[in-house]
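Visitor: Quick note, the sequences are listed as chains P and U, same order. Taken in order, the first sequence gives residues 0 to 308; the numbers are from numbering that gives the first Met the number 0. Taken in order, the second sequence gives residues 0 to 258; the numbers are from numbering that gives the first Met the number 0.
Calculated from the structure, these hints are not laboratory results. Quantities reported herein were computed from a predicted structural model and do not represent experimental measurements. Take these hints with a grain of salt, some might be off.
[Said to hold, decoys possible] Simulated pairs of lysine-lysine, BS3-like, Cα-Cα distance not exceeding 30 angstroms:
| id | chain 1 | residue 1 | chain 2 | residue 2 |
| --- | --- | --- | --- | --- |
| 1 | U | 198 | P | 246 |
| 2 | P | 112 | U | 237 |
| 3 | P | 269 | P | 307 |
| 4 | U | 197 | P | 201 |
| 5 | U | 222 | P | 24 |
| 6 | U | 170 | P | 164 |
| 7 | U | 107 | P | 269 |
| 8 | U | 31 | U | 170 |
| 9 | U | 183 | U | 222 |
| 10 | P | 206 | U | 237 |
| 11 | P | 206 | U | 71 |
| 12 | U | 107 | P | 246 |
| 13 | U | 247 | P | 117 |
| 14 | U | 170 | U | 14 |
| 15 | P | 156 | P | 191 |
| 16 | P | 308 | U | 237 |
| 17 | P | 308 | U | 31 |
| 18 | U | 146 | P | 191 |
| 19 | U | 71 | U | 107 |
| 20 | U | 247 | U | 71 |
| 21 | U | 31 | U | 230 |
| 22 | U | 2 | P | 201 |
| 23 | P | 308 | P | 206 |
| 24 | U | 197 | U | 2 |
| 25 | P | 191 | U | 237 |
| 26 | P | 156 | P | 24 |
| 27 | U | 71 | U | 197 |
| 28 | U | 222 | U | 237 |
| 29 | P | 24 | U | 225 |
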Amino acid sequence: MAGIFIFSEDSALAKQLLTPALDLKQSLSQSVTAVTTTEADAKELAALGADKVVVLQSTSGWAEGLSEAIYNLVSTAGAAIFLVGGTLRGKHVAAYVAANLNAGMSTDARSLKIEGDKLLSTRLLYAGLALCDEELPLPAVATIPPRTFLPPNAAAKAGTIETVKAEADGRVAISDVTTHAGTGVDIAGVTKLVAVGRGFGKQEDLKLALDLAAALNAEVACSRPVAEDEHWLPIERYVGISGHTVKPELYLAVGISGQVQHMVGARESKVIAAINNDEHAPIFEAADYGIVGDLYEVLPLLTAAITKK
Amino acid sequence: MPKCLVCYKWTLDEKDIKIKPEDLSLDTSRAKGKISDFDRNAIEEATLIVEQQRGSVHALTYGTSAVQQSLKDVLSRGPDTVYWIADGSAETADACVTANVLASAIRKLGSYDLILCGEGSSDLFNQQTAARLAALLGLPCVTYVEKLSVEGDTVKATRKLADCTEVATVKGPVVLSVLGTINKPRIPSLKQVLGAAKKPKKEIKIADLGLSPEQLQPKSIHKSVKGFVAKRKNTVYKEANAAANVGKLTSSLAAEGLL
């Protein structure tokens, strides 16, 4: 059993995967093979240190439909480790390959290392309530969330590139692909966030948070119900276990109770502040600073105070 | 008239799990069980389809002996029959074991047009079961579905991914995983709760599934599980005078260099 394989249909994530893959290469003394679907990605991955890049050439652009073809590559090579970019498409591919390999799979691994003849991965359980060290025998599969690693520096010697014809899963037809018309704000990349939750009674009241965000030069984020149940803000602004993970300098949570499903997306923030009328809300345990009070009273005062500074 | 099978997991309600401060281990003694959140969406979706088009919904679960607590609950949500597998192996089962058990049970139960799962379970959130089942059963798979329609043997599923939506069209039998946004699971009415008592609950013995000991042996082993404890300052201003609290907060934020 030899070889570290990586795959992501997302170009940026594929490059990030090379970092843990090259790390595992050190531990295992095994080569790194990147699987991709485009020539452009292949050149970049080879330049960044993949020993070999296999370009899957198929008539379908649907990554999930290449699961079987990717499994064939990984299994024919007898790969020890298969790392997959943890997008939803990637998780689909990874789980399919893991099942066919009869292998264990660690979903959303935060870190990976080899211990003895096992792969040790750290991941979250119970919606982020707990951290778990998970041990998997080889061959093992793991998915890695976007932005967990930075891409590596260019390698001294570029790897080789090989093109292979691949048959896509013809049973599923894909149509009506609609790219989300986002507002172009990436809340994962901003330095200050004002996050709003169920404490707001109606959509118009969010103006209080928008005013505060303007005074702070912050962007507005929200908890899941505000985006998915109330549709007051677009999904792209939602922080939490199945939304964004953010790491701003300041995360100011307003009217958010602080359930773990939400906090898991915000807890890597440098400073967390909270405004909530319930003194016993879990948000205060997760915050550096807090005000117990009615947000309708506190926010205008806070906005005015910050504007004055 | 589609024949649907919904796989669900009986999990601990994570809201009731506490972290023990002395060693960061998890205290689950007060945690009650629940049907995993997104599995409720899968149950609801299958039930909605069958309410509109007739057909049938069966439910299938694998867990420890605690799964028996879930049977009335699941039946009150729509399925006509529940098949349950209770075995100690579930205590440490990973997605690999779970898929082996469910796939063997599905082969035994016969053919279904739609096999539905939730996107991922509330506890482990491995997000693997649907794709693994499809691989083991040799069926097509459509994951992360937020809208589903069935016409004859054609299934149209709108998937929602991070940056786009897309429509997958496939002929059943097919394995699907659904998102929490696909519907709002019903709160069973008293009539549905009472009706559930009369619906069949059928046990499947794990010994009858023809699985090897190796297939019940998890690949993924949890070496350590520790509660995540945030180290925060926890300075809370709670005077009656809101302006005083605001003054203190702005001073604190200014001291952190944030204003």
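Visitor: So, for every hint listed, does it hold in this structure?
Guide: Consistency of the hints with the structure:
For the given pair, residue 198 of chain U sits about 50 angstroms from residue 246 of chain P by alpha-carbon distance, which is inconsistent with the 30 angstroms threshold. For the proposed pair residue 112 of chain P and residue 237 of chain U, the alpha carbon gap of about 46 angstroms is over 30 angstroms, so the pair is violated. Taken as a hint, the residue 269 of chain P and residue 307 of chain P pair is honoured in the structure, with Cα atoms around 24 angstroms apart against an allowance of 30 angstroms. As the CA atoms of residue 197 of chain U and residue 201 of chain P are separated by approximately 43 angstroms, the hinted pair breaks the 30 angstroms bound.
For the given pair, residue 222 of chain U sits about 23 angstroms from residue 24 of chain P by alpha-carbon distance, which is consistent with the 30 angstroms threshold. Between residue 170 of chain U and residue 164 of chain P the CA atoms are separated by roughly 26 angstroms; this keeps the pair inside 30 angstroms, and the hint holds. Our distance criterion of 30 angstroms between C-alpha atoms is broken by residue 107 of chain U and residue 269 of chain P, whose separation comes to about 53 angstroms. The hinted pair formed by residue 31 of chain U and residue 170 of chain U fails the criterion: a straight-line CA distance of about 39 angstroms is larger than 30 angstroms.
Taking the CA atoms of residue 183 of chain U and residue 222 of chain U, the gap is about 36 angstroms. The hint is violated against a cut of 30 angstroms. Our distance criterion of 30 angstroms between C-alpha atoms is met by residue 206 of chain P and residue 237 of chain U, whose separation comes to about 24 angstroms. Using a Cα cut-off of 30 angstroms, the hinted pair residue 206 of chain P and residue 71 of chain U is violated, with the two alpha carbons roughly 45 angstroms apart. Restraint check for residue 107 of chain U and residue 246 of chain P: the C-alpha separation of about 48 angstroms exceeds 30 angstroms, so the hint is violated.
A threshold of 30 angstroms between alpha carbons decides the hint, and for residue 247 of chain U with residue 117 of chain P the separation of about 51 angstroms lies outside it, so the pair is violated. Among the hinted pairs, residue 170 of chain U with residue 14 of chain U is inconsistent with the structure: their alpha-carbon atoms are about 39 angstroms apart, more than 30 angstroms. Taken as a hint, the residue 156 of chain P and residue 191 of chain P pair is broken in the structure, with Cα atoms around 41 angstroms apart against an allowance of 30 angstroms. Taken as a hint, the residue 308 of chain P and residue 237 of chain U pair is honoured in the structure, with Cα atoms around 22 angstroms apart against an allowance of 30 angstroms.
Using a Cα cut-off of 30 angstroms, the hinted pair residue 308 of chain P and residue 31 of chain U is violated, with the two alpha carbons roughly 49 angstroms apart. This hinted pair does not check out: residue 146 of chain U and residue 191 of chain P have alpha carbons roughly 35 angstroms apart, beyond 30 angstroms. Annotation: proposed proximity of residue 71 of chain U to residue 107 of chain U holds, straight-line Cα distance about 23 angstroms (limit 30 angstroms). A hinted pair counts as satisfied when its Cα atoms are at most 30 angstroms apart, and residue 247 of chain U with residue 71 of chain U does not qualify at roughly 53 angstroms.
Proposed proximity of residue 31 of chain U and residue 230 of chain U is supported: the alpha carbons are some 28 angstroms apart, at most 30 angstroms. Taking the CA atoms of residue 2 of chain U and residue 201 of chain P, the gap is about 42 angstroms. The hint is violated against a cut of 30 angstroms. Restraint check for residue 308 of chain P and residue 206 of chain P: satisfied, since their Cα atoms lie roughly 21 angstroms apart, inside the 30 angstroms limit. For the hint linking residue 197 of chain U to residue 2 of chain U, the alpha-carbon distance of about 21 angstroms falls within 30 angstroms, and the restraint holds.
The hinted pair formed by residue 191 of chain P and residue 237 of chain U meets the criterion: a straight-line CA distance of about 24 angstroms does not exceed 30 angstroms. For the suggested pair residue 156 of chain P and residue 24 of chain P, the alpha carbons sit about 15 angstroms apart, so the restraint of at most 30 angstroms is met. For a cut-off of 30 angstroms, the pair hint linking residue 71 of chain U to residue 197 of chain U stands: about 9 angstroms separates their Cα positions. A threshold of 30 angstroms between alpha carbons decides the hint, and for residue 222 of chain U with residue 237 of chain U the separation of about 42 angstroms lies outside it, so the pair is violated.
Annotation: proposed proximity of residue 24 of chain P to residue 225 of chain U holds, straight-line Cα distance about 29 angstroms (limit 30 angstroms).
Hint compliance for this structure: hints 1, 2, 4, 7, 8, 9, 11, 12, 13, 14, 15, 17, 18, 20, 22, 28 are broken, all remaining hints hold.
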